[in-house]
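Chemist: Make a model of the complete structure from these sequences and hints.
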Amino acid sequence: MGPTYHRNRIITLSVVGGVIVTLLGLFLSGTLAVKAAKTSAMSSKKYSNEEIEDNNRFWDDEGKLGEAKPVGPQGVEAPSNPNFRPPRTVDAEGVAAPYDEETAIRGKIFFEVPGGVAECSGTVVSHPTGNMVWTAAHCLHGGRTGDFYKRVTFIPGYNGAGRTTAEKAPYGRWPARQVEVSDQWVEDADPERDSTASPFDFGAFIVQPPSGRQSLEEELGSSAEILFNAPRNLTVDSFGYPGEEPFDGSELFTCHSPTTDFRNTGWPEPAMLWMGCTMTGGSSGGGWFAEVEGKRYLVSNISLGIITSNAETMTGPYLGNVARSLYDRF
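Going by numbering that gives the first Met the number 0, the first residue of the sequence shown is number 0, and it counts up by one from there.
Hints are computed from structural coordinates only; laboratory data are not their basis. Note that this is a predicted model, so its numbers are computed, not measured. No residue lacks a Cβ here, since even glycine has one placed at the ideal position from N, Cα and C. It is possible that part of the hints are untrue.
Calculated lysine-lysine pairs in the DSS-like style (CA-CA distance at most 27 Å, straight line) [as the list claims (entries may be wrong)]:
no., residue 1, residue 2
1, K149, K44
2, K68, K167
3, K167, K149
4, K68, K149
5, K149, K63
6, K167, K63
7, K45, K63
8, K44, K63
9, K45, K149
10, K68, K45
11, K68, K44
Per label pair, the in silico range of CB-to-CB distance [unchecked claim]:
no., residue 1, residue 2, range
12, N48, T88, 32 to 40 Å
13, A40, P230, 20 to 28 Å
14, P245, D53, 34 to 42 Å
15, K63, P97, 19 to 27 Å
Modeler: Rendered as structure tokens:
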């Protein structure tokens, strides 16, 4: 069995004598080379009123929600540093529904990609607009050979087990008004596998409140504060809606794990974060939360899944200065 390429369940690796190799038998060794990050610049897309109306009409067909598939495919070379040790596997646990005020800030993102519809996870974050959702860049843009995805919409507190529309989407649908990712992602992300853009796999969008509604933060009564340039080696709780087997995308799951750094040859700084978790595709974009000095913050988002011979893990981007610049641009 060779490497498996899919975002958030990305590549199957074998650890032999402390050195990571692929199951194709390719021995990976050498010195870790680190590139400097490019000067931060952002790419954005603003949807017109007509596009937002079209977005709402498109998703009024609830059958389309059921057709959505986790977005991918991606891949990554194994880290060449023989001293790297993957985190231990942590089994994802379901979060009981219906979701309370704090949990409702986590939800599902639906969008149209070439050839169909797709799904990811996202988090409502504190922002002056009151309407920001944080997620992964690969949930918003197709990378260097792609474009911004169409008909992006967010359902906070999504509960796929609900019998009615009101139970499945207790806070309604919130179409994207403006979407933004870094230029590093747009210029370098490879649609077929992961690349040097992986450390910049974060993005955000501003939603358009439905007619007669307050801002997203006001409607939910809660939001997550982002801690940029957070300390490393934190213990985190990740949240997402995994949709690949053995999950079906209907339920919110969480993993609790310590983190370590994840670097790959030729990738720019800052190093990504690495945790143990069995969540699969569909959880991409979901938030990582940690307590720092007695306060709980969002410190990363689900990006890249890696299965080694003895652990199921995931990585998330370190939200440093480039991420802060993206946040401030709205």
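Chemist: Take the hints in turn and mark each one as holding or not.
Modeler: The hints, checked one at a time:
1. K149 / K44: holds, 10 Å
2. K68 / K167: Judged against 27 Å, a Cα distance of about 17 Å means the pair holds.
3. K167 / K149: holds, 22 Å
4. K68 / K149: holds, 15 Å
5. K149 / K63: holds, 14 Å
6. K167 / K63: Between K167 and K63 the Cα gap is close to 14 Å, so the pair holds against 27 Å.
7. K45 / K63: Holds, because 23 Å separates the two Cα atoms, which is no more than 27 Å.
8. K44 / K63: OK: K44 and K63 at ~23 Å, within 27 Å.
9. K45 / K149: Roughly 11 Å separates the two Cα atoms, so the pair holds.
10. K68 / K45: holds, 24 Å
11. K68 / K44: Holds: K68 and K44 sit about 23 Å apart, inside 27 Å.
12. N48 / T88: 32 to 40 Å: violated, 47 Å
13. A40 / P230: 20 to 28 Å: holds, 27 Å
14. P245 / D53: 34 to 42 Å: Cβ of P245 to Cβ of D53: about 35 Å, so the range 34 to 42 Å holds.
15. K63 / P97: 19 to 27 Å: holds, 23 Å
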